[in-house]
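So the protein sequences, as listed, match chains A and B. All letters in the first sequence, in the order written, are residues 1 to 88 by the working numbering. All letters in the second sequence, in the order written, are residues 101 to 188 by the working numbering.
Hint data in this document are derived by calculation from the structure and do not stem from the laboratory. These numbers come from a predicted model, not from an experiment. Hints may be right or wrong, so weigh each one.
[As the list claims (entries may be wrong)] Straight-line distance between alpha carbons at most 25 Å, and here's what the computed BS3-like set of lysine-lysine pairs gives:
#1 A:K15 <-> B:K170
#2 A:K82 <-> B:K115
#3 B:K182 <-> A:K82
#4 B:K113 <-> A:K70
#5 A:K15 <-> A:K82
#6 B:K170 <-> B:K182
#7 B:K113 <-> A:K15
#8 B:K115 <-> B:K182
#9 A:K13 <-> B:K115
#10 B:K115 <-> A:K70
#11 B:K182 <-> A:K15
#12 B:K113 <-> B:K182
#13 A:K82 <-> A:K13
#14 B:K170 <-> B:K113
#15 B:K113 <-> A:K82
#16 A:K70 <-> A:K82
#17 A:K70 <-> A:K13
Below are the chains, spelled out letter by letter.
2 protein chains.
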Amino acid sequence: MLPEVLRVSADSKPKAVAGALAAVFRVRGSVELQAVGAGAVNQAVKAIAIARGFVAPNGVDLVAVPAFTKIEIEGEERTAIKFLVTAR
Amino acid sequence: MLPEVLRVSADSKPKAVAGALAAVFRVRGSVELQAVGAGAVNQAVKAIAIARGFVAPNGVDLVAVPAFTKIEIEGEERTAIKFLVTAR
Numbered sequence: 001m002l003p004e005v006l007r008v009s010a011d012s013k014p015k016a017v018a019g020a021l022a023a024v025f026r027v028r029g030s031v032e033l034q035a036v037g038a039g040a041v042n043q044a045v046k047a048i049a050i051a052r053g054f055v056a057p058n059g060v061d062l063v064a065v066p067a068f069t070k071i072e073i074e075g076e077e078r079t080a081i082k083f084l085v086t087a088r
Numbered sequence: 101m102l103p104e105v106l107r108v109s110a111d112s113k114p115k116a117v118a119g120a121l122a123a124v125f126r127v128r129g130s131v132e133l134q135a136v137g138a139g140a141v142n143q144a145v146k147a148i149a150i151a152r153g154f155v156a157p158n159g160v161d162l163v164a165v166p167a168f169t170k171i172e173i174e175g176e177e178r179t180a181i182k183f184l185v186t187a188r
């Protein structure tokens with residue numbers, strides 16, 4: 001089963017995340033990316049831009065809705081950015 | 101005349117950028133944000149999330165399309181991220 005939420009870190013490779021994003025999107029019709037910190041948010045944004053190119057030949061126009069969310073990391077509450085990625 | 105493109109830096113205040121974004125959106129119906137570097141991209145994403153709340157009471161559901169773009173800074177070409185922000 002493909003995950004609904006893809007966690008992105010500052011070390012994530014945007015092209016690899018884009019591939020996972022496109023794969024989950026094709027199965028589920030939407031994907032959520034989660035990122036904590038500027039480096040991770042930057043990689044997530046690049047991944048979305050790249051994934052748009054992966055699915056565009058199939059007539060899919062991906063858009064992102066960014067939002068704040070709270071997640072727990074090692075017992076501490078952190079503010080994360082989540083991106084809900086869907087087709088327009 | 102309001103600018104079509106808002107440049108966001110790592111030092112930009114997300115809430116201030118969100119206010120400018122909402123103001124330009126109300127006049128033009130779309131806005132482009134440009135950011136160079138992870139810190140700037142992060143502030144731009146936060147600004148979009150906040151701006152969604154500013155316009156949502158008017159029935160507007162803002163979405164973002166991230167893309168790569170080249171811009172010139174002090175004579176050098178840099179890769180920037182642009183966000184085209186429109187209503188869904």
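Hints versus structure:
Taking the CA atoms of K15 of chain A and K170 of chain B, the gap is about 19 Å. The hint holds against a cut of 25 Å. Our distance criterion of 25 Å between C-alpha atoms is met by K82 of chain A and K115 of chain B, whose separation comes to about 18 Å. The straight-line distance between the Cα atoms of K182 of chain B and K82 of chain A is roughly 18 Å, inside the 25 Å bound, and the hint therefore holds. Using a Cα cut-off of 25 Å, the hinted pair K113 of chain B and K70 of chain A holds, with the two alpha carbons roughly 20 Å apart.
Pair hint K15 of chain A plus K82 of chain A holds up; C-alpha atoms about 18 Å apart against a cutoff of 25 Å. For the hint pairing K170 of chain B with K182 of chain B, the CA-to-CA distance comes to about 9 Å; that is within 25 Å, so the pair holds. Proximity of K113 of chain B to K15 of chain A is assessed by CA-CA distance (about 29 Å); at most 25 Å being required, the pair is judged violated. At most 25 Å may separate the alpha-carbon atoms for a hinted pair to count; K115 of chain B and K182 of chain B meet this at roughly 18 Å.
As the CA atoms of K13 of chain A and K115 of chain B are separated by approximately 29 Å, the hinted pair breaks the 25 Å bound. Of the supplied pair hints, the one linking K115 of chain B and K70 of chain A holds, its CA atoms being roughly 19 Å apart against a limit of 25 Å. Among the hinted pairs, K182 of chain B with K15 of chain A is consistent with the structure: their alpha-carbon atoms are about 18 Å apart, no more than 25 Å. Between K113 of chain B and K182 of chain B, the direct Cα distance comes to roughly 18 Å. Compliance with the 25 Å bound is thereby established for this hinted pair.
For the suggested pair K82 of chain A and K13 of chain A, the alpha carbons sit about 18 Å apart, so the restraint of at most 25 Å is met. Restraint check for K170 of chain B and K113 of chain B: the C-alpha separation of about 24 Å stays at or below 25 Å, so the hint holds. A distance of roughly 19 Å separates the Cα atoms of K113 of chain B and K82 of chain A; the hinted pair therefore holds under the 25 Å criterion. Between the alpha carbons of K70 of chain A and K82 of chain A the distance comes to roughly 9 Å, so the proposed pair stays at or under 25 Å and holds.
A hinted pair counts as satisfied when its Cα atoms are at most 25 Å apart, and K70 of chain A with K13 of chain A qualifies at roughly 24 Å.
In this structure, the hints that do not hold are numbers 7, 9, in rising order.
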